[in-house]
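Read top to bottom, the protein sequences are chains A and B. Per the working numbering, residue 1 is the first one in the first sequence, and the count goes up by one each step. Per the working numbering, residue 1001 is the first one in the second sequence, and the count goes up by one each step.
Mixed in with the good hints there might be a few duds.
What the hints assert, rightly or not - What follows is a list of derived Cβ distance ranges for each label pair:
1) B/N1142 - A/Q95: 56 to 64 angstroms
2) B/D1017 - A/E170: 38 to 46 angstroms
3) B/T1148 - A/A233: 54 to 62 angstroms
To be verified - Not close to chain B: a few residues of chain A, all C-beta gaps over 12 angstroms, as computed:
4) P13
5) K172
6) D292
Treat the hints as calculated values from the structure; they're not laboratory data. The model shown is predicted, which means the values in this text are computed figures rather than measured ones. For every residue, glycine included, the Cβ atom is placed at its ideal position computed from N, Cα and C.
What follows is each chain in one-letter form.
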Amino acid sequence: MTTKTVELIAGPPEPHYVGDGFRVHNFIPSGFRLDMQRMNPFIMMDYNSKFYFSPSEKPRGVGVHPHRGFETVTIAYQGKVEHHDSGGGGGVIGQGDIQWMTAAGGVLHKEFHEKEWSKKGGDFQMVQLWINLPAKDKMSTPKYQAIKNENINRYSIENNGGEIEVIAGEHKGIKGTASTFTPIHMFNVKLKKGVETDFSLPANFNTSLLVVEGSIVVNGSEEAPTNNFVLMANDGENFTVKAVEDAVVLILSGEPIDEPIAAHGPFVMNTRQELIQAFDDFNKGKFGYLED
Amino acid sequence: MNNFTLSTFLTSNLQVDETTISLIVDHCKTKTIGQGDYLLRQGEYCKHSFFVETGLLRQYSIDAKGKEHILHFAPESWILTDRESVYFNQPSNYFIQALEPTRVALIDEQFIEQLSEKVPSFIDFNNKLLHNHIRHLQNRINQLLSATAEERYLDFIKMYPDILLRVPQIMVASYLGITPESLSRIRKELAYKNFKK
């Protein structure tokens, strides 16, 4: 077993708005070091770092839009989001919850700050990921996994040093709560100041850390402050994370899907022809209908 | 799909090598503008044809009541201009505005002359582009006079497959000459017809 070293530590890029409700730093895909293939199967990561939204009677968010060919995963750290889709589904996720939507063959959905939360306003902090699907599952039936925080399986760190929420995959015998189409590990790591813990993830799995709260040191020497993204090299398995102050870190690790990626707008397919088909199907109402 | 230079456009449509094209295209200026910025405003003289390398433009007019009417959208690899202003030297009746951050190549008369001289096949190609444009306008007039709103919508998505995801629906409605409510209804009816759970 060898050390998985740090390949890159990136600060948050200039934020931009998605709709009027998500002020995000786009870490993936951004530039050649973090294109869709580099963190494949994690092909998109928007990070809404902690941001205060003032009270609003009209909930802010993103109106009706389609997706096809992948999964969207929203991890709520602070604030509440309400979503609806063309299949008649919907729900609210709050602090610590996760919405895992398999868009697959196609959905229309919209996401807004939850009505009552919006009226009060407050700090808002979320991660949205797009996780690619293998060709054989791209056109499968859409589904949801609404994962409440209390249902996430946890690994407790000794001496009350913190805990690891195993959202997907496995960590030291604790199985993840979400089901995935390809091998993926997703952990929310909550560490008390000074605590160090270790991870072992396959060398070929594309792996990254996002420092959501506090600051950390990776492998004893690589410092990553709040809102930084740490890309791990594919050179080994083992690495350590130490909290310089109380910290929350999102760890993503996944086996790359060895297939071509054809992406445009909200569709991620394997070929250009499939993309053209996706636009045509969307335009002709084959994704269903959802009121704005 | 999101970045298409003028050189690529010309070399993929003409029997010509890249060196010859780059000698001419290198003299052609490009302009980068932000979302919401204008390349042309009503009353100004249009000096160029705009080849969209990346981004999205719209050409529109504003009527006496202040209502906007969209004539064209121009995504990547489209050429947009006010021909009345450029070729007949009239103040323009139109606005040309970027709906996304946009980079255009500025095509002027000198560029057309140089290209026609160095690459004779361009003359035929340019003619074809012009006739293509006239055909498009002819279809558009005929459709506005005779086709149902749904037929116009179906034609629109054929011509502009990704525009619905790039602009507010109110602009698509403006292009089609219908209200946003009618567009919504058409899309809803199509979904009921085509959506299989």
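Status of the hints after comparison with the structure:
no. : hint                                 : result
1   : B/N1142 - A/Q95: 56 to 64 angstroms  : holds (57 angstroms)
2   : B/D1017 - A/E170: 38 to 46 angstroms : violated (57 angstroms)
3   : B/T1148 - A/A233: 54 to 62 angstroms : holds (59 angstroms)
4   : P13                                  : holds (15 angstroms)
5   : K172                                 : holds (41 angstroms)
6   : D292                                 : violated (8 angstroms)
In summary, the numbered hints that this structure violates are 2, 6.
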